[in-house]
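Protein chains: 2
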Amino acid sequence: MQTLVIGLGSMGFGAAVSCFRNGISTIGFDLNPDALERFKTAGGQTVKSLDSITNVDCVLIFVVNASQAESVLFESQLLSGLNPTAVIINCVTLAPSKAIEIASRITNRGFQYIDAPVSGGAAKALEGRMSIMASASPQTMAKAKPVLDAISEHIFELGKDAGQGSQMKLINQLLAGIHIAATAEAMNLAAGLKMDLHQVIDVISKCAGSSWMFENRGPHIADGDYTPLSSVNIFVKDLGIVTQEATQQNIVTPLSEAALILYKRASESGFGSEDDCAIVKVLAKQSDIKLPGSST
Amino acid sequence: MQTLVIGLGSMGFGAAVSCFRNGISTIGFDLNPDALERFKTAGGQTVKSLDSITNVDCVLIFVVNASQAESVLFESQLLSGLNPTAVIINCVTLAPSKAIEIASRITNRGFQYIDAPVSGGAAKALEGRMSIMASASPQTMAKAKPVLDAISEHIFELGKDAGQGSQMKLINQLLAGIHIAATAEAMNLAAGLKMDLHQVIDVISKCAGSSWMFENRGPHIADGDYTPLSSVNIFVKDLGIVTQEATQQNIVTPLSEAALILYKRASESGFGSEDDCAIVKVLAKQSDIKLPGSST
Numbered sequence: 001m002q003t004l005v006i007g008l009g010s011m012g013f014g015a016a017v018s019c020f021r022n023g024i025s026t027i028g029f030d031l032n033p034d035a036l037e038r039f040k041t042a043g044g045q046t047v048k049s050l051d052s053i054t055n056v057d058c059v060l061i062f063v064v065n066a067s068q069a070e071s072v073l074f075e076s077q078l079l080s081g082l083n084p085t086a087v088i089i090n091c092v093t094l095a096p097s098k099a100i101e102i103a104s105r106i107t108n109r110g111f112q113y114i115d116a117p118v119s120g121g122a123a124k125a126l127e128g129r130m131s132i133m134a135s136a137s138p139q140t141m142a143k144a145k146p147v148l149d150a151i152s153e154h155i156f157e158l159g160k161d162a163g164q165g166s167q168m169k170l171i172n173q174l175l176a177g178i179h180i181a182a183t184a185e186a187m188n189l190a191a192g193l194k195m196d197l198h199q200v201i202d203v204i205s206k207c208a209g210s211s212w213m214f215e216n217r218g219p220h221i222a223d224g225d226y227t228p229l230s231s232v233n234i235f236v237k238d239l240g241i242v243t244q245e246a247t248q249q250n251i252v253t254p255l256s257e258a259a260l261i262l263y264k265r266a267s268e269s270g271f272g273s274e275d276d277c278a279i280v281k282v283l284a285k286q287s288d289i290k291l292p293g294s295s296t
Numbered sequence: 001m002q003t004l005v006i007g008l009g010s011m012g013f014g015a016a017v018s019c020f021r022n023g024i025s026t027i028g029f030d031l032n033p034d035a036l037e038r039f040k041t042a043g044g045q046t047v048k049s050l051d052s053i054t055n056v057d058c059v060l061i062f063v064v065n066a067s068q069a070e071s072v073l074f075e076s077q078l079l080s081g082l083n084p085t086a087v088i089i090n091c092v093t094l095a096p097s098k099a100i101e102i103a104s105r106i107t108n109r110g111f112q113y114i115d116a117p118v119s120g121g122a123a124k125a126l127e128g129r130m131s132i133m134a135s136a137s138p139q140t141m142a143k144a145k146p147v148l149d150a151i152s153e154h155i156f157e158l159g160k161d162a163g164q165g166s167q168m169k170l171i172n173q174l175l176a177g178i179h180i181a182a183t184a185e186a187m188n189l190a191a192g193l194k195m196d197l198h199q200v201i202d203v204i205s206k207c208a209g210s211s212w213m214f215e216n217r218g219p220h221i222a223d224g225d226y227t228p229l230s231s232v233n234i235f236v237k238d239l240g241i242v243t244q245e246a247t248q249q250n251i252v253t254p255l256s257e258a259a260l261i262l263y264k265r266a267s268e269s270g271f272g273s274e275d276d277c278a279i280v281k282v283l284a285k286q287s288d289i290k291l292p293g294s295s296t
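Residue numbers (my numbering), protein chains in the order written: chain A, 1 to 296; chain B, 1 to 296.
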């Protein structure tokens with residue numbers, strides 16, 4: 001199963017490495033020469049242009065957003081280099097309506113498509129332990145199983161239609177984005193009340209106020225460490241998708257909108273490439289509070 | 001250690017029962033005759049007026065809010081019926097500034113005070129397994145230990161000063177209140193997208209979007225069951241305390257404010273005594289979505 005991984009950022013790199021570690025013949029592609037070089041150094045095979053690939057059975061897409069996904073799929077010669085029944089596994093977080101549209105263009109060309117957004121972060125990607133929220137026909141899922149197994153710990157099979165995987169990812173990002181903002185708001189208030197932030201994490205983690213994000217991102221704020229594991233700009237994009245998709249359906253999402261304002265302000269203030277919990281800096285500035293690690 | 005429990009609602013009833021089950025001589029009081037009768041039926045001793053009590057060593061306060069706490073403490077003859085070094089354990093969720101004010105009035109009369117808001121819900125209260133976020137001097141904590149041990153599984157000792165326990169509860173309620181609203185927003189969007197709500201809970205519980213409240217309240221919404229375990233009105237009060245306390249300190253809390261609007265609207269719409277996740281009904285109405293268990 002000749003596999004091509006497009007996009008060798010934090011998630012795509014981990015997926016590509018997991019593929020060849022599991023004995024799958026794997027080629028990596030990225031527009032960024034540094035990303036290509038890093039994959040080569042890790043022992044991976046690379047290609048410099050999508051126009052020169054041939055005989056590919058499976059494509060894993062790990063680019064940043066919908067427009068990049070459409071560009072690699074439809075503005076290159078990629079599809080001409082695929083074998084006739086190739087499977088395209090699209091792991092990009094997309095609006096469900098966009099996933100349906102892309103799937104339709106792919107299947108109209110005779111290829112198979114899996115709507116397959118992922119969750120888990122760079123560390124889990126590198127261990128081949130992502131979670132995949134997948135929707136596709138059982139036959140397509142079966143064909144792609146070796147590749148999916150190589151990169152993931154959990155495969156949630158959410159239905160046969162494109163869009164169903166992306167819907168679940170949308171719900172996850174709504175919650176994750178709000179929970180990071182809630183963590184920031186709680187830690188900023190605690191800092192303003194001169195509380196011991198590490199004690200706050202210890203106690204709240206054992207109480208009903210806890211969340212996966214609170215336990216994961218809270219320590220970043222208490223330590224003043226904004227090294228990006230997942231960046232502010234990811235949630236500018238993903239909560240943007242949530243609120244747009246909801247608005248199109250006339251569904252109200254007031255907390256997502258309140259959280260999105262924080263991510264946008266943080267991005268506009270120059271924190272877009274920092275860890276997503278750097279939105280706390282926006283709250284701290286508005287509240288005139290000094291956070292751990294802050295010089296002002 | 002003669003102990004008096006004031007307020008025999010869901011939490012106070014559980015605490016009072018836990019006390020006498022642990023061999024502590026316990027009297028219960030509530031203004032509501034039904035609550036008194038229920039405690040008697042459970043084997044508890046009761047008193048009909050706070051003005052008639054004598055020789056009390058320890059008071060546990062489980063009334064609904066600050067004004068009720070001030071009323072029982074300062075507008076009755078309660079303090080005259082206490083032994084000179086009695087300990088008052090105030091388990092009511094209060095603004096930290098209010099906890100400090102009440103503590104000061106109590107200690108000025110020579111009594112000891114523990115700022116001791118609790119977490120855990122009625123079921124845990126009945127099992128003597130609440131969590132207590134306590135602050136008081138080590139001597140006072142030691143004196144009250146038999147009573148605290150009888151009612152709790154975790155005792156977090158957060159400092160020697162009144163207000164420190166209430167600050168931690170404030171942070172917990174900020175997070176809990178936002179997370180219930182996030183759960184409501186996520187489930188409403190999922191319902192609008194025609195997703196299987198039980199599948200959403202199964203998948204998200206294993207992903208980074210999860211929270212204690214999502215896992216606990218999500219099933220209520222998926223089942224359409226709004227039997228109150230903790231009510232909408234509790235969060236009208238508690239997020240009110242969060243936003244007021246933050247505002248007094250010039251600290252911004254945009255997500256708490258967005259969530260508080262939902263709790264207030266739900267209360268105004270007649271859902272105040274339903275389970276707190278009934279705020280989803282406000283979102284569903286605004287979005288014209290039919291939720292499980294809804295007739296419209």
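Hints in this document: simulated from the structure, not taken from any laboratory. Just so we're clear, the structure is a prediction, and the values are computed from it rather than from any experiment. Hints are not guaranteed to be accurate.
[To be verified] If you only want the chain B side, here are some residues facing chain A, beta carbon under 10 Å, derived: (1) V64; (2) L79; (3) L126; (4) I171; (5) L175; (6) G177; (7) T183; (8) M195; (9) H198; (10) D202; (11) A222; (12) Y226; (13) I261; (14) V282.
From the three backbone atoms N, C-alpha and C, an ideal C-beta is built for every residue, glycine too.
Verification of the supplied hints:
no., hint, verdict
1, V64, "violated (18 Å)"
2, L79, "violated (30 Å)"
3, L126, "violated (16 Å)"
4, I171, "holds (5 Å)"
5, L175, "holds (3 Å)"
6, G177, "holds (9 Å)"
7, T183, "holds (8 Å)"
8, M195, "holds (6 Å)"
9, H198, "violated (13 Å)"
10, D202, "holds (8 Å)"
11, A222, "violated (13 Å)"
12, Y226, "violated (18 Å)"
13, I261, "holds (7 Å)"
14, V282, "holds (9 Å)"
Of the numbered hints stated above, those contradicted by the structure are hints 1, 2, 3, 9, 11 and 12, listed in ascending order.
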